[in-house]
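The numbering used here puts the first residue of the sequence shown at 7, with every later residue one more than the last.
It is worth saying that the hints were derived from the structure and are not from the lab. These figures come from a predicted structure and were not determined experimentally. Every residue, glycine too, gets a C-beta built ideally from N, C-alpha and C. Warning: the hint list may mix true and false statements.
To be verified - Okay, derived cross-link-like pairs now, SDA-like style, lysine to any residue, Cα gap no bigger than 25 Å in a straight line:
| id | residue 1 | residue 2 |
| --- | --- | --- |
| 1 | K175 | L237 |
| 2 | K677 | D610 |
| 3 | K549 | Y152 |
Unchecked claim - Okay, the calculated beta carbon distance ranges per label pair:
| id | residue 1 | residue 2 | range |
| --- | --- | --- | --- |
| 4 | R346 | D583 | 43 to 49 Å |
| 5 | T208 | K549 | 38 to 44 Å |
| 6 | N686 | W628 | 36 to 42 Å |
| 7 | G131 | D583 | 33 to 39 Å |
| 8 | N111 | K72 | 57 to 63 Å |
| 9 | R211 | S54 | 44 to 50 Å |
| 10 | A567 | V679 | 44 to 50 Å |
| 11 | K549 | D450 | 55 to 61 Å |
| 12 | M399 | K439 | 37 to 43 Å |
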Amino acid sequence: MTVWLKYNKWIACLCLLAASVSVTAQEKTAAIEQLRKDMYRLFNKPDSLDKFMQVTDQLIEVSKQKNNEELLYKAWANQAIMLSQIGKRQQALDIIKVMSDYARNNDSKYGLFTSTQTNAHIASGLRMEDQAEELYLRCINYKEQYLPHLNIAPIYLGLAKIYYNKGKKGKVLEMAEKTLHEPDLLPEHLVQALGYRCIATTLGRDDKEAFNRYYAELDKARQKTGISMNLSKRLDVYHAELNGDYEKMLALAQGLKSKMDRMTMTARAYTLLGRWEEAYHIQVAYKKYCDSINSAESRNLALSQSLALDAARAENEAKDLKLKNQQLELEHITDELEQRRLEEKALNLSLENQSIELLNRGIELQNIAVKLENDSLDRHNKDLQLSEWASKMEAQKQTEHAHRVFIIMLTLIALLVIASLAFILHRRNKHSKEIEAAYGKLEDAYNQLEATTTAKERIESELRIAREIQMGMVPHVFNAFPEESGIDLYASMTPAKEVGGDLYDFFLKDKNLYICVGDVSGKGVPASMTMAVAVNLFRSTAKEGFTPAQIATHINDALSADNEKCIFVTMFIAEIDIETGRMEFCNAGHNSPVFVNNQLQPQDPDRAYYIDMEPNAPVGLWPELEYVGEHIDNIKGYTLVIYSDGLTEAENEEQEQHGEERLLELMRNDKFVNAESTVNMILDDVADHVGSADQSDDLTILCLKIG
7 MTVWLKYNKW IACLCLLAAS VSVTAQEKTA AIEQLRKDMY RLFNKPDSLD KFMQVTDQLI
67 EVSKQKNNEE LLYKAWANQA IMLSQIGKRQ QALDIIKVMS DYARNNDSKY GLFTSTQTNA
127 HIASGLRMED QAEELYLRCI NYKEQYLPHL NIAPIYLGLA KIYYNKGKKG KVLEMAEKTL
187 HEPDLLPEHL VQALGYRCIA TTLGRDDKEA FNRYYAELDK ARQKTGISMN LSKRLDVYHA
247 ELNGDYEKML ALAQGLKSKM DRMTMTARAY TLLGRWEEAY HIQVAYKKYC DSINSAESRN
307 LALSQSLALD AARAENEAKD LKLKNQQLEL EHITDELEQR RLEEKALNLS LENQSIELLN
367 RGIELQNIAV KLENDSLDRH NKDLQLSEWA SKMEAQKQTE HAHRVFIIML TLIALLVIAS
427 LAFILHRRNK HSKEIEAAYG KLEDAYNQLE ATTTAKERIE SELRIAREIQ MGMVPHVFNA
487 FPEESGIDLY ASMTPAKEVG GDLYDFFLKD KNLYICVGDV SGKGVPASMT MAVAVNLFRS
547 TAKEGFTPAQ IATHINDALS ADNEKCIFVT MFIAEIDIET GRMEFCNAGH NSPVFVNNQL
607 QPQDPDRAYY IDMEPNAPVG LWPELEYVGE HIDNIKGYTL VIYSDGLTEA ENEEQEQHGE
667 ERLLELMRND KFVNAESTVN MILDDVADHV GSADQSDDLT ILCLKIG
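My request is simple: use the sequences and hints to build the entire structure.
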């Protein structure tokens, strides 16, 4: 009996221990599930970034402990996507590297697949569509080799988006069909695939029958799943338009989430309904929204040149055609200016060749004159010899046949003199004609030279006028704010050609000083035209009260539109509160400015340094980029030097560059007197370095000291 009681006690203890272990495991599983739900709840909410990162970090650690590969790499992938969407691309790429390194070290095929997929998703969001397509295709090959049972519907949907943007209808339909054939397809992936299959019919020639058939399948899927994506809402608008229900189209368009889609589709609905005045007002609002970077003066000029709204749709189309023709005319003028520059170069080469030819002709004429003179002397000597021989013969035969010999000799002498004179006259006439022909050619050459010189002077005059206009677009009065004694500012711009692509600008609004320095890719007339546009965009956008990062974003959207020649601009944009000294700034691919602490003694190695900045892309390359701004709390008492790469890349005859370290050493030793003296000191040092070498690039410097 005692043994039986002890045995029962042991059984009871084991049951209690097993129960406690089971409860603990259930609690951990519930905690992981709650973290997973919190991750998806906070995803795509920028205001909750810190909380989202905290939750996903906890989920990553727990997943490592539980060896849950799928949840581990999904948490990492969501972190990278979230950071990329809010503009923190470097942090996103760092997370992808950590994820891929962890997968490689642990030989995780799923981890390598997920890191490649995440990289492709981020590249697609940045409109790097060729790179994203390559990464997605690499994911498909990897899945077929190592993960044959994995659902890759997101991969096919990502490729469908890329092919739709490229206008490849067949490829979009192929990716949609592959998505629909994936096993265990999620409801949201089903709705997206049906949406892409539907919207593909709008590429090229509209197919109303196919669109309505696919749309009916999409609508049925939405009702069944209760899921409605942003793409499907746009398809509702297309469906109403294609089927002539313009009132419904208007109502749906006004409910679109995207402001740009909402404005364009609403204006289109008003036009189809014949409500021209409302369509006109929406178009004006849309233009103001897209071109908010244009100045008020530019907007008024564009509106005054627009035709009044008419009830006839044909008149609106004619106005659009006129605007396109004006754009083509501007492009033609640009090409014509470039052609003139090439013609001037060809004329210069022609002048050089004609000068060499004239010099050779002169030498030939001199040789002909010397030859003529030698021929005359030879003939004279021969005549003297003949006379001497005749005298000797006459002396020898004077006894006999004196009278006859005398007559014969006189006759021979006369004949010889006549022949000699005739020969000399013939030669002289021949040489005279040759000289006359040479002088005629020389006169024609001088006439051509005069015409060429006139054309060259005209082109040079036009380029000088263009330079004066360009230089007139940037400020030249540096005591522009006499009422603000704490601002010491000076700038210099030296183009490498008659006109250049560098720019700078500054102005004071209330108590905020706006400044910018930029460098357009290339040189000459095309760069100067882009420079003029960039200066106007900066000034007009800044006067609207935008931050430097917003100004850079607006300028990029304007310059990247229809930028077939891939002209871009590096820019440094800043806004300075002259009372507090706080500086907000955005660097778009430009050289880092030099920051000088005037409180430290000259030659102190910490006195001058380059500002470490966010590596934003130059403006004009890719549309829809969001530029990241930064700030310095107080720059009072500091010297700020902003410059173009024409300073540090200036080369001497040995092709040695001036260099960033030499500029930094100059600023460490600069005993600041005023901004103008600092700029002149830098220019003098560049001139000493370059010597007699030609200037290879535009050179711009702006120096500022507040307080």
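Taking the hints in turn, this is what the structure says about them:
no.: 1; hint: K175 with L237; in the structure: 16 Å, holds
no.: 2; hint: K677 with D610; in the structure: 12 Å, holds
no.: 3; hint: K549 with Y152; in the structure: 57 Å, violated
no.: 4; hint: R346 with D583: 43 to 49 Å; in the structure: 47 Å, holds
no.: 5; hint: T208 with K549: 38 to 44 Å; in the structure: 40 Å, holds
no.: 6; hint: N686 with W628: 36 to 42 Å; in the structure: 39 Å, holds
no.: 7; hint: G131 with D583: 33 to 39 Å; in the structure: 34 Å, holds
no.: 8; hint: N111 with K72: 57 to 63 Å; in the structure: 18 Å, violated
no.: 9; hint: R211 with S54: 44 to 50 Å; in the structure: 46 Å, holds
no.: 10; hint: A567 with V679: 44 to 50 Å; in the structure: 45 Å, holds
no.: 11; hint: K549 with D450: 55 to 61 Å; in the structure: 59 Å, holds
no.: 12; hint: M399 with K439: 37 to 43 Å; in the structure: 39 Å, holds
Against the hints set out earlier in the document, violations occur for numbers 3, 8.
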